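K.L.:
Protein chains in written order, with my numbering: chain U, 1 to 287; chain A, 1 to 124.
Just so you know, the hints here were simulated from the structure itself, not pulled from any lab data. All values reported here derive from a predicted model rather than from experimental measurement. One or more hints might be untrue.
[As the list claims (entries may be wrong)] The list that follows gives simulated cross-link-like pairs (lysine to aspartate or glutamate, DMTMM-like), each with its CA atoms no further than 20 Å apart:
no.	chain 1	residue 1	chain 2	residue 2
1	U	24	U	14
2	U	280	A	26
3	U	171	A	86
[What the hints assert, rightly or not] Quick list of simulated restraints, FRET-style, between CB atoms:
no.	chain 1	residue 1	chain 2	residue 2	range
4	U	85	A	33	16 to 26 Å
5	A	18	U	112	33 to 43 Å
6	U	111	A	29	27 to 37 Å
7	U	110	A	31	31 to 41 Å
[Said to hold, decoys possible] Selected chain U positions facing chain A (Cβ under 7 Å, derived; list incomplete):
no.	residue
8	160
9	178
10	180
11	277
12	278
Every residue, glycine too, gets a C-beta built ideally from N, C-alpha and C.
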Amino acid sequence: MFSKLGGGGKPEEEKTVTAGTSTKVVTPSDGKTIKKVTVNPTPSQSKTVSPSTSQQTVSPDAGKLLSQVIVNAMASGALSDITVSSAGLITAQVGTSGYLASGTKKTKQLTTQAAKTVTPSESEQTAVASGRYTTGAIKIAAIPSTYVKIANILGYTNIDYGEFTLSSRVKVESNPISHNLGVIPKLFILFSESPNGKEKYDVAGAILNTGWNLKTAGTPTGENYEKIGIAMRYENSDSGIWGMPLTWVQSSTSTMYTQVSDSSVKLGMSGNGYFSAGVKYRYIACA
Amino acid sequence: MFYKYVLDGIIVKVGTSISIPTEFIEITLEEKSHLESVIDAKPADTLESVYRLSAKTEQYEPYQRTYEETVVWYVEQVNSGEMTLDEVPDDYRSEVEAQVNPTEPDPEQAVVDSIMQEVSSYGY
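Take these sequences, add in the hints, and give me the full structure.
P.N.:
Structure below.
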């Protein structure tokens, strides 16, 4: 096309440029002069970002301006249910990452045990069941005074007791009765429950250390308290239990057998003395 | 604590104690009750056999009597009146007689009364 001649006789031209983010210089073409420059606006763009745990910088692409930055909404977070392990470990955790409004919470009600006091008895008791959170003190009451009557009355604090049943008839000498006193008993009493006619001469007896205030006839001598025994022999009969009154019986192979140590006692009538099978025997040892 | 005492494969006894010696075996109350029920149903010993409670089977099994156990059996028979001393076989009679008739007699009532009087004089 023919260009209009401008000043200096040069043809004129029009130029169009697009603005950027840096300086641009518009120069005429060779041999021409610029009549008009049309500047188009700098291109713009919109960018979208999502929140993260790190700082973000939103920058436009090269040669562009940001017209807008769209920030997506934060995802909503959620708490998982609270768990309590068998070892008592409480775990509270975020189940889903995201925004948690102030005051967001989860709760778990533990099974509780209120304050209580347990009094010892002959039966086993559960003071606090497994898996319970105590909301008050759990106390074990003192042993009722009636329970310690033997120790109180006799002045012995080292006490052992038990019971046993033999599977076969056993001679007295062959059945040591174990105790855990750790010393020679000062008092040992053996009880036999209902011989049921199984034995004419069944076992029962007591051993007393003469340190206790029970005088025995004669002067006890001998090792292992063999002659410091008091025995009651009894047999079933229509008239009931017959026995000698508690007295001092001189030890001999046919009347009384006693042998004591710091861990066991043998006691009973030797010769005819047997522990019956199937009969329950009880004993108490004190020192 | 509940226990059983086993010796040479035989359950000798079961029982209860505050603490048990190391040679005893701790068992549960249920096991103890079971063994006690087995003991309650023990078969009667015979002249030929004594029944012992096997630790392996937890049942009574017959064992041949030893000489001493045979003497015991005859002593029981004589004491219960099931047989007379003269009916005891010769091999066992002298032993049986010694146990049926102890060499040391029981104290007579007069002796007992004398001892009781002496004891009471001490003021206890």
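K.L.:
Indicate, hint by hint, whether the structure satisfies it.
P.N.:
Status of the hints after comparison with the structure:
1. 24/U to 14/U: 16 Å, holds
2. 280/U to 26/A: 18 Å, holds
3. 171/U to 86/A: 25 Å, violated
4. 85/U to 33/A: 16 to 26 Å: 36 Å, violated
5. 18/A to 112/U: 33 to 43 Å: Since residue 18/A and residue 112/U have Cβ atoms about 34 Å apart, the given range 33 to 43 Å holds.
6. 111/U to 29/A: 27 to 37 Å: At roughly 28 Å between Cβ atoms, residue 29/A and residue 111/U fall inside 27 to 37 Å, so the hint holds.
7. 110/U to 31/A: 31 to 41 Å: Roughly 36 Å apart at Cβ, these two residues keep to the hinted range, so it holds.
8. 160: Nearest chain A Cβ about 6 Å off; hint holds.
9. 178: 5 Å, holds
10. 180: Holds - the Cβ of residue 180/U comes within 7 Å of chain A, reaching about 5 Å at its closest.
11. 277: Nearest chain A Cβ about 6 Å off; hint holds.
12. 278: 5 Å, holds
The structure does not agree with the numbered hints 3, 4 stated previously, though it agrees with the rest.
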